[in-house]
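Student: Chain by chain, the residues:
Number of protein chains: 2
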Amino acid sequence: MTSFSDLILKRESCRSYTGESVDTSLLMKCVDAARLAPSACNSQPWKYYIVNDEKNAQSVRDCIQHNNMNKFADKCPAFAIVTEQPATLKAHIAAQVHSQKWAQNDVGISVAHYCLQAADSGLGTCIIGWLDEDMLHEKLGIPAEEKIRLVIATGKPVEAQPRSKVRKPIEEICTVIK
Amino acid sequence: MTSFSDLILKRESCRSYTGESVDTSLLMKCVDAARLAPSACNSQPWKYYIVNDEKNAQSVRDCIQHNNMNKFADKCPAFAIVTEQPATLKAHIAAQVHSQKWAQNDVGISVAHYCLQAADSGLGTCIIGWLDEDMLHEKLGIPAEEKIRLVIATGKPVEAQPRSKVRKPIEEICTVIK
Numbered sequence: 001m002t003s004f005s006d007l008i009l010k011r012e013s014c015r016s017y018t019g020e021s022v023d024t025s026l027l028m029k030c031v032d033a034a035r036l037a038p039s040a041c042n043s044q045p046w047k048y049y050i051v052n053d054e055k056n057a058q059s060v061r062d063c064i065q066h067n068n069m070n071k072f073a074d075k076c077p078a079f080a081i082v083t084e085q086p087a088t089l090k091a092h093i094a095a096q097v098h099s100q101k102w103a104q105n106d107v108g109i110s111v112a113h114y115c116l117q118a119a120d121s122g123l124g125t126c127i128i129g130w131l132d133e134d135m136l137h138e139k140l141g142i143p144a145e146e147k148i149r150l151v152i153a154t155g156k157p158v159e160a161q162p163r164s165k166v167r168k169p170i171e172e173i174c175t176v177i178k
Numbered sequence: 179m180t181s182f183s184d185l186i187l188k189r190e191s192c193r194s195y196t197g198e199s200v201d202t203s204l205l206m207k208c209v210d211a212a213r214l215a216p217s218a219c220n221s222q223p224w225k226y227y228i229v230n231d232e233k234n235a236q237s238v239r240d241c242i243q244h245n246n247m248n249k250f251a252d253k254c255p256a257f258a259i260v261t262e263q264p265a266t267l268k269a270h271i272a273a274q275v276h277s278q279k280w281a282q283n284d285v286g287i288s289v290a291h292y293c294l295q296a297a298d299s300g301l302g303t304c305i306i307g308w309l310d311e312d313m314l315h316e317k318l319g320i321p322a323e324e325k326i327r328l329v330i331a332t333g334k335p336v337e338a339q340p341r342s343k344v345r346k347p348i349e350e351i352c353t354v355i356k
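Protein sequences, first through last, are from chains C and P. Using this note's numbering, you'd call the opening residue of the first sequence number 1 and step up by one each time. Using this note's numbering, you'd call the opening residue of the second sequence number 179 and step up by one each time.
Since the hints were made in silico from the structure, they are not lab data. A hint or two may mislead.
Okay, derived cross-link-like pairs now, EDC-like style, lysine to aspartate or glutamate, Cα gap no bigger than 16 Å in a straight line [to be verified]:
1) LYS356/P / ASP53/C
2) LYS356/P / ASP23/C
3) LYS101/C / GLU262/P
4) LYS334/P / ASP231/P
5) LYS279/P / GLU84/C
6) LYS29/C / GLU350/P
7) LYS29/C / ASP184/P
8) LYS178/C / GLU232/P
9) LYS101/C / ASP310/P
Pulled out of the complex, with its shape left as it was, chain C reads as follows (with noise of 0.2 Å):
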């Protein structure tokens, strides 16, 4: 078992797979992560579509690969598209709120628990954000109504140490008011 400060450490954003297939169980495994993530209101304004069969994910890496980026994602053979729902706030609240609009943080904590729990099922993930919506739309029949916000490449990783974090100091994300 992973302590969670490993986890953290352990999950990196993987552009090297060894393009074996995965399991659509272990998939579900990190959905459901997602899905029990916090939100405002308790709205969950969010969406995963799956794709694990060779023929959807070429038409998710011909939608994520335009200028030559994410060539990695040739080896990748999953793929879930996250798509951002309209959030139910409650009314007093959101008749207050306009300004902050939640349920992209929402869809941000969502996607956090999906990579976490892929590291720690031992699949490597990367949140791409370098995504062609219309084109998502089209080819994968998503609706229209709904906003896609990122798609994440998710497959075995060539196994290899965690390389090591590239971050600010501490000292510079943060302050403690006194």
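Given chain C, put chain P in place with the hints provided.
Tutor: Frame of chain C; chain P shown alone:
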């Protein structure tokens, strides 16, 4: 050690705190987990302001309790105020992705790391979006150019069995494309 599946169940929106003080080092461990989250182009567009003394905690409460909301925060000793920084994306990417505003997703991902680390450390959290942003800027001295997204109440929970989670069934939030 808690498995990740169990950690997800343990993490819940905590609205019942003992009132005990929390070591700042424990809060910093949560921030460090948040710091290690992934983000678009590794832009890390977040900042955490930690409040862990009664005077400033009361100032935070003043900013999140209007209209009789969040009364439970009276017994919460510590808060993280999370701001969104303008993301610095690679120029050729930024030029093509105006509509997405990934920074808000990224803040969500980072906040999930914070809350899961808190749960792993035996702390309760509640993500609060109901806040008076102007008042927080003013009372806590947070720079005007930083968008305040969320406040995370953090403290020792009154111990109880985790509530069972009320969520949409997986069939409602997930479609396997065939």
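Student: Is the straight-line distance between the alpha-carbon of LYS356/P and that of ASP23/C 16 Å or less?
Tutor: holds, 15 Å
Student: Is the Cα-Cα distance between LYS101/C and GLU262/P 16 Å or less?
Tutor: Given that 16 Å is the threshold and the Cα spacing comes to 13 Å, the pair holds.
Student: If you draw a straight line from the CA of LYS356/P to the CA of ASP53/C, is it 16 Å or shorter?
Tutor: Since the Cα atoms of LYS356/P and ASP53/C sit roughly 8 Å apart, the hinted pair holds (cutoff 16 Å).
Student: Has the given pair, LYS279/P with GLU84/C, been kept, meaning a C-alpha gap of at most 16 Å?
Tutor: Status holds; Cα separation ~13 Å.
Student: Is the Cα-Cα distance between LYS29/C and ASP184/P 16 Å or less?
Tutor: Satisfied, since the Cα-Cα distance of roughly 13 Å is no more than 16 Å.
Student: Is the Cα-Cα distance between LYS29/C and GLU350/P 16 Å or less?
Tutor: holds, 15 Å
Student: Please work out if LYS101/C and ASP310/P have their alpha carbons no farther apart than 16 Å.
Tutor: The given pair, whose Cα atoms are some 15 Å apart, holds under the 16 Å limit.
Student: Compare the distance between the alpha carbons of LYS178/C and GLU232/P with 16 Å, and conclude whether the hinted pair is satisfied.
Tutor: Within the cut-off at roughly 10 Å; holds.
Student: Next pair to validate is LYS334/P with ASP231/P; report whether the Cα-Cα distance is within 16 Å.
Tutor: Roughly 15 Å separates the two Cα atoms, so the pair holds.
Every hint from the earlier list agrees with this structure, and none is contradicted.
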